[in-house]
Amino acid sequence: MSDYRHILFTGVLLFAFAAIGTSMVAVTYEQSREQIERNERQVLRRQLNQVISPERYDNNLLEDRIEISDPGLGAGRPVTVYRAYMQETPVAAVFTSVAPDGYNGSIRLLVGIDVNGIVTGVRVLSHRETPGLGDAIEAGRSDWIEGFAGRSLGDPPVQRWRVRRDGGVFDQFTGATITPRAVVNAIRKTLLYFDEHQEEILARPAPDGAQADEETHDE
Amino acid sequence: MTEYLLILISTVLVNNFVLVKFLGLCPFMGVSRKLETATGMGLATTFVLTLSSICSYLANEYLLAPLGLEYLRTITFILVIAVVVQFTEMVVHKTSPLLYQVLGIFLPLITTNCAVLGVALLNVQEQHGFLESAVYGFGAAVGFSLVLVLFAAIRERVAVADVPTPFQGASIALITAGLMSLAFMGFTGLVK
Amino acid sequence: MEFRTYSSPHLSGTNHVGRLMRGVMLAALPGLILAWWFFGWGVLVNLVLAVSTCIGAEAAMLRMRRRPVRVTLGDGSAALTGLLLALALPPFAPWWIPVLGALFAIVIAKQLYGGLGYNPFNPAMVGYVVLLISFPREMTLWAPPQELADARLSLVQTLAWSLLGTLPAGTGIDAISMATPLDTIKTQLGLGLTLTEIQAGPRFGSLGGYGWEWVNLGFLLGGGWLLYRGTIQWQIPAGFLGGLFVMALLFYAADSDTYASPLFHLFSGAAMLGAFFIATDPVSASTTPRGRLVYGIGIGILVYIIRAWGGYPDGVAFAVLLMNMAVPTIDYYTQPRVYGQGGE
Amino acid sequence: MTGVLGAVLALGLLAAVFGLLLGYAAIRFKVESDPVVDQINAILPQTQCGQCGYAGCRPYAEAIAAGEAEINQCPPGGEAGIRALADLLGRDFVPLNEEEHGEHKGRMVAVIDEQICIGCTLCIQACPVDAILGAAKHMHTVIEEECTGCELCIEPCPVDCIDMVPVPEDINQWRWPSPDERRIDIADRSTASG
Amino acid sequence: MSETSYPEIARNGLWNNNPALVQLLGLCPLLAVTTTFINGLGLGIATTLTLIISNSVVSAIRKLVRPEVRIPVFVLVIASTVTVIEISMNAWFHELYLILGIFIPLIVTNCSIIGRAEAFASKNRLRAAFTDGLAMGLGFTAVLVTLGALREIIGKGTLFAQSHLMFGELAANWSLTLIDDYRGFLLAVLPPGAFIGLGLIIAVKNLIDQRRARRPVRAAAGETAPA
Amino acid sequence: MADHAGDHERLDLSRLHHFHGGLKLPECKAAATATPLRTLPVPPRLILPLQQHIGEPARPVVAIGDQVRKGQLIARAEGYVSVPVHASTSGRVTDIGDYPVPHPSGLSAPAIVIDSDGDDTPVAGTPHGDYRSLDPSELRNRIRRAGIVGLGGAGFPTFIKMNPGPHKPVDLLLINGAECEPYISCDDMLMRERPQEVIEGIHILMHALQVGTCVIGVEDNKPEAIAALEQTVAADHRLGDIRVQAIPTLYPSGGEKQLIRILTGREVPSQGLPADIGIVCQNPATVAAVYHAIHRNEPLISRIVTVTGTGVEAPANLEVRIGTPMRHLIEACGGYTPGVDRMLMGGPMMGFALTSDALPVTKTTNCLLATTREELPPPEPPRPCIRCGECVRVCPAQLLPQQLYWFAHARDFDKAQDYNLFDCIECGCCAYVCPSRLPLVQYYRFAKTEIWAQERDRIKADIARQRHESRQERLEREKRERAERLKRKKQAVREGDDNSKQAAIQAALERARARKQTGADSPEKSD
Ligand SMILES: Cc1cc2nc3c(=O)[nH]c(=O)nc-3n(C[C@H](O)[C@H](O)[C@H](O)COP(=O)(O)O)c2cc1C
Ligand SMILES: Cc1cc2nc3c(=O)[nH]c(=O)nc-3n(C[C@H](O)[C@H](O)[C@H](O)COP(=O)(O)O)c2cc1C
Ligand SMILES: Cc1cc2nc3c(=O)[nH]c(=O)nc-3n(C[C@H](O)[C@H](O)[C@H](O)COP(=O)(O)O)c2cc1C
Ligand SMILES: Cc1cc2nc3c(=O)[nH]c(=O)nc-3n(C[C@H](O)[C@H](O)[C@H](O)CO)c2cc1C
Ligand code: SF4
Ligand code: SF4
Ligand code: SF4
Ligand code: SF4
Ligand code: FES
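Residue numbers (the numbering used here), protein chains in the order written: chain A, 1 to 219; chain B, 1 to 192; chain C, 1 to 344; chain D, 1 to 194; chain E, 1 to 227; chain F, 1 to 527.
Bound conformation, chain A alone (with noise of 0.2 Å):
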């Protein structure tokens, strides 16, 4: 008798301090949510600003995206470009590309690409590689990333997008040559699909969600 007891105490104790802690989280969480979204939509746009210069358009930069799916790009996953404009004239493209092969997982790139092919500037969104080895891509850490900037296909050659070690131009890290050989990888993709699809990415009118979707069905 006292058995059946036991255990049903054991359930509601249990329940009620499951119950109470995730109240307190839940509450917390519906309390700061929409001030984290502001937050992170305030950090976005400045990652944003560090890869295109807001002077160089004037559109709302955050809601004008499209999605679009490419396994080179994404790693599986949808890939979100946002659209810059200068009074409606496409200016640049700004990439969220994934690097998949990190030294320890994938690496989120923004990756800002203007018109004339130029990259305009690359920010790394989130990585999980090793610190004080393969952080040094953080534009905190190092100026390594900045040294993008300007760069574009022709320059240098396709071929030589990759790291020294692989016979290319852009330097590793010691000791840690995988996360600089993924994120260059991964610009230079980006930069390939830029080239070859500019005109369907840029030319298009602000989507609304429905045809963001259909252009990514087109694909």
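These are calculated hints, taken from the structure and not from any lab test. Possibly wrong hints are sitting among the right ones.
[As the list claims (entries may be wrong)] DSS-like cross-link-like pairs, simulated, lysine-lysine; straight-line CA separation at most 27 Å:
1. F:K460 with D:K105
2. F:K479 with D:K137
3. F:K415 with F:K460
4. F:K415 with D:K105
5. F:K448 with D:K105
6. F:K448 with B:K34
7. B:K34 with F:K415
8. B:K94 with B:K34
9. F:K489 with D:K137
10. F:K479 with F:K490
11. F:K448 with F:K415
12. B:K94 with E:K123
13. F:K448 with F:K460
14. F:K489 with F:K479
15. B:K94 with E:K205
16. E:K123 with E:K63
17. B:K34 with E:K205
With chain A held as given, fit chains B, C, D, E and F with the ligands onto it using these hints.
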């Protein structure tokens, strides 16, 4: 098939959870004094890790994702893990008192063995499917157990060495772990 | 009449630690001389620096630990560690490379464990691997063999480079240093070349890399002498070379354009040095007869895996350390059958 | 707030199910006694001297099992005893706590000076292993074989007639000394620590 | 147990029973993130905060909890605490959150937190538990910072690099370059360096303890010798 | 496997086998075999330890002042594993007490001292005519009564070895004439000069054991002994298959287990006995002693001892009475040379060092080896083991000596036992080859004796626990009973019963104190 094999090689050797990823270090240091206990701990962890990897996958896939409660992932996973561990603990306590005495302090610690939560979170991060999650969890545990057992055997030997007094105990053990990790760097580049 | 007492046995053989170590050093001579001949004075500069640092560090540590210094130094194990470390270093390494490596080998890998006999890891290889992962650039400053070099540094020039970092006017270090054959294969395979194309170059000899094959032959000779003298047992070298050979043969047979020939593997890099001098370090190797075979084979296979698919061109040091790690476990599971305990 | 409610319900229910499971397991896998105490007790020397700070070996064993006592408190067990305990419990060896619990001495036995003994039986009452023979007002003797050397009989004796004497060595119980003193790597350890 | 003295608790946390050096708990974050001083400090602060809160909560509810659900309840408490801290920081201290971001989830599995909950908080009164959390947290932070500084100096030749990530523009030029043109001893930054570094720190602690243990004996001997 | 227990694979003596490891050692036997066997005169005083064998010490049956005759029983066996001690000559018992005995501990042990009367009068006894008419158990009894133990070194009572038990049929008697240790040559001389005694003894043992086959294993560095034995065997026309087998000279081929392996290919099970595989192994001197006991009715009162080494002037083999102080043996061999440095009992590999030459020869004294520093230099300071594995290569027991050493050194005796410490025969091969000069065998002996001591402590602790627990129980019971009695008594009137008890104690105390006072005052008792 090769994909599962690669996951295994990667988790066991190249990205060994303990020596390269720095997960599960506390039990690694704590229960490696004797080969037998290390073997026991390895088995226990393998069991718990594989099971909780699967359970967390299920919880994520069928509870959190449908309800849009991803922000409760940590809580849910840790709860799942704690319960799996607690259950295991009770069973071990009943069936093998000696193993319990030895593992007693560390079974609860498996709960907070970073490796267990680490595996659960990494599974989500890497978008592993059911089988992949299981293999990933299993591989991580095998990697953990492997180095744990080797480490324990070395420690037994080092325990009777003429180690300078300030270095005896934890200090030389950590240095040994460091040299093991040094050796494991030889696997860099094998996968990925 | 009263007598002093001792424990039996009262007879003892002529075996002695010091004799053992000196024998190994002697056996390394042919390889050392050939290395000097092919790769220049840097080999000897490294040797002097590493050996003297090892001896100095050992003496300092012993004094600090209040252990008898003279007797212990006399066994020559520290000098041997320095010798073997030096043999693994590239000839154009700056002075602090052998010094740092030797310090690591003796202080961390050996003395912190209690000195001779207690270290679970091969000190020389610990020193080498620490250098390899910390200073990848310096650790690839290999010299081209004798006849392939455009210019050779004299002893004085080598010393100037090692100690001061200055080279004769007009030469850059990149011009006089050269990647090892194993490294060349690794990078060029990565660029999509086939082995036939890669090995057409002059730096490849008939067995391994040109020059390298001779150095390896030198160590093979010394190793044979050690075997003959009974200083080392056959299991470890045989297991190592056998494991490496079989692995290489399997993959070579399957695809000879991406996998180098077994003989190339046996006579490249540190294969012979490793098989006869490094893997056989009694302290960190397995001690049971079967265990030694397992240990040797394990190293051979690991060397191949790291060479063929890993991030480093040569895997001997890593393979040795990895198997060192497994030694206590191997020993545990390969205990010989005790007299009278069943089976044959 | 529906989000909160959903979250609480989802996790709460999950937890409740787990709670029931654990509650059931707690009963299903109930453990009656702690066999570890017996195992610890089997290692202790059963001198019952109380030097460990407990009322005998078993209480000390219980204290160890409960994690209240260190394993280095039993002087009669000596280093070997501590090692055995460390081994059983998977802990590190720690040297005997000599400051608080006393040194490890060689085996001793009590001897009663039969000239002085008044036969008060107080020592008989003190001896934890009934190693003293004698009736009231008759002199007592210690059965050497049974005496554990715990010294508990010394204190109560009103006439101080009990002495502890070392057990004499004989060739059948003689132990080879450890050769360790002559090793060069530990030769001057004593000077190093002195 | 009721008679816990606060100085004693403090000494335990900071030195005698330091979670990282003696209990060897919380090693994973300790070794993983201490590549620089600042990384260590960040994790240290976050961990201390969590320790204090979780210790207090666990102590408050200690009478309610049955043995078989003890662990699940404790981890629920800890995980909730950590998640709440994480979400709040994300919302209100977003900058700081971005810096400490990766460390915070790591805290949930920091063994020293559940270790303290089990070993101390569940047996002691609120104030003692609070103090213990604070002391343990500070002790842990001290080790984090030391190891971080050590690895940063040896590995990169700098100290306080990237302080601005934590202290804002104010700290923009705190970064010290100790040795110009330092090649960097990569080992210190790599995993083996973390292990060896912590091993050395523990040895230094042992050395200090041994010296201390020996000194009173010597002093006593000195006193009695002339007599 | 076999149908019934103890059935062994068929004996195959057609070829020799190998044992693992072993050493080629310098022999150094020539010095002592150059001169024929001599008999040492009876010394004026004999010291006869009560324990010269493995097992329980014998118990004296004589008192100080008793007159004894040669061969008379002076201490009887105590328990099963024990043998009696006999007077080695006639004379008077002058002391029974502790005397230094030849033992590695250097300790003293109980002994009977006999001052010889010079007559060497034997006890009257009638030799038995034909041993073949005797029952095996009667033979065993006679061998026991003669005080015979293994003369090969261990000193295990011989009669026990002859009683392998009903389930262990014996199919081979092995005579261990290997004498593999350097320097020792007492068995060699015995086999050379008195082969017929050995062969006669073998016949008796074959009858007692009911076996048809006997092999005498002799190392091939003793051609004279082999020839002498072969001649005797050839001239012998009795039933039974006795062979002399030369074996390669390789230390320790004389180890019982190794010899069995060489000659039969069988292995004595770990921790087992030769009898488990149907073999009984005896030393030639033991066999000769059996012959004396049965044919001449003489107990074991003398043996052959090799006195050799560069520490004595004229090495030789001597037949001496048990109990003779060793000094007399040295004198008979011309005394010490100037540089003598240590004296060993037994060979240089397994013998132990003696502190003095005043110790008596016992039944197990096969050799006295006096050496100079040049011959056996003092051991070098040992260094740490470098795990070179040389010891593994030579260990005839196929152990991992370095592992045993690590565990003994660390006092991890459980582990040492896991690594089969007790299969070590203490042959010393490992220490001989060790480049670090570790006193390995001493570590093993240390560990073994330590384990035995722990075992004894364990048993004592178990008894103590039982006694403690039963005492606790008794106290509980008494408390209960007293409480009950008290309850019953409560109704009755309480009197000053307690008071009177206390008064009695008080009085006794006073008396004792007074006695102690006077005791302490009187000078002769103050110690
Ligand atoms: C713990 C650990 C972390 C590492 N982290 C990184 C990393 O973040 N990025 C990277 O490219 N390589 C990383 N490496 C890989 C090695 O440093 C590897 O040797 C290197 O990337 C290979 O390139 P190399 O040719 O420059 O040596 C890591 C290795 C280890 C053991
Ligand atoms: C404790 C002990 C018990 C023995 N019991 C018997 C026995 O019951 N039967 C037997 O034939 N031999 C027995 N032996 C004798 C051994 O087998 C062996 O012959 C003896 O120890 C001498 O061998 P050794 O000189 O090679 O050490 C025993 C030996 C010992 C030490
Ligand atoms: C290493 C070693 C060497 C031995 N050498 C001999 C030997 O040469 N001759 C011998 O009779 N016994 C030798 N023994 C003793 C035998 O093992 C065994 O005890 C003896 O032959 C049994 O006969 P016993 O009981 O008649 O003495 C040796 C023992 C050991 C352990
Ligand atoms: C055959 C042989 C091989 C050895 N190889 C090494 C070696 O590879 N590295 C090393 O540091 N010492 C080596 N030594 C020396 C010695 O064993 C070594 O310094 C110990 O590991 C230090 O404890 C060797 C010694 C011998 C006898
Ligand atoms: S000190 Fe040891 S022997 Fe004495 S009572 Fe305590 S446990 Fe028993
Ligand atoms: S006689 Fe004395 S010392 Fe011996 S067990 Fe009894 S009380 Fe203890
Ligand atoms: S021979 Fe000596 S040094 Fe070599 S392994 Fe054996 S014990 Fe060690
Ligand atoms: S003494 Fe023991 S361990 Fe050494 S060789 Fe002989 S049997 Fe083997
Ligand atoms: S922090 Fe303890 S296991 Fe990771």
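Pair hint outcome, K34 of chain B versus K415 of chain F [Cα-Cα no greater than 27 Å]:
holds, 11 Å
Under the criterion that the straight-line Cα-Cα distance not exceed 27 Å, is the pair K448 of chain F, K415 of chain F satisfied?
holds, 12 Å
Check the hint pairing K34 of chain B with K205 of chain E against an upper bound of 27 Å on the C-alpha distance.
Answer holds: K34 of chain B to K205 of chain E is near 25 Å, not above 27 Å.
Quickly compare the C-alpha distance for K489 of chain F and K137 of chain D to 27 Å and report which way the hint goes.
holds, 26 Å
CA of K448 of chain F to CA of K105 of chain D, is that 27 Å or under?
holds, 21 Å
Can the restraint linking K123 of chain E and K63 of chain E be considered satisfied, given a maximum Cα separation of 27 Å?
holds, 9 Å
Is K94 of chain B close enough to K123 of chain E, meaning Cα to Cα at most 27 Å?
With Cα atoms ~25 Å apart, K94 of chain B and K123 of chain E stay inside 27 Å; holds.
Between the alpha carbons of K415 of chain F and K460 of chain F, is the straight-line distance 27 Å or under?
Judged against 27 Å, a Cα distance of about 23 Å means the pair holds.
For a C-alpha distance cap of 27 Å, please report whether K489 of chain F and K479 of chain F respect it.
holds, 15 Å
Between K94 of chain B and K205 of chain E, does the CA-CA distance stay at or below 27 Å?
violated, 40 Å
Holds or violated: K479 of chain F to K490 of chain F, with C-alpha atoms at most 27 Å apart:
holds, 16 Å
Pair hint outcome, K448 of chain F versus K460 of chain F [Cα-Cα no greater than 27 Å]
It holds: about 18 Å lies between the C-alpha atoms, which stays within 27 Å.
Checked against the numbered hints given earlier, the structure breaks only hint 15 and satisfies all the rest.
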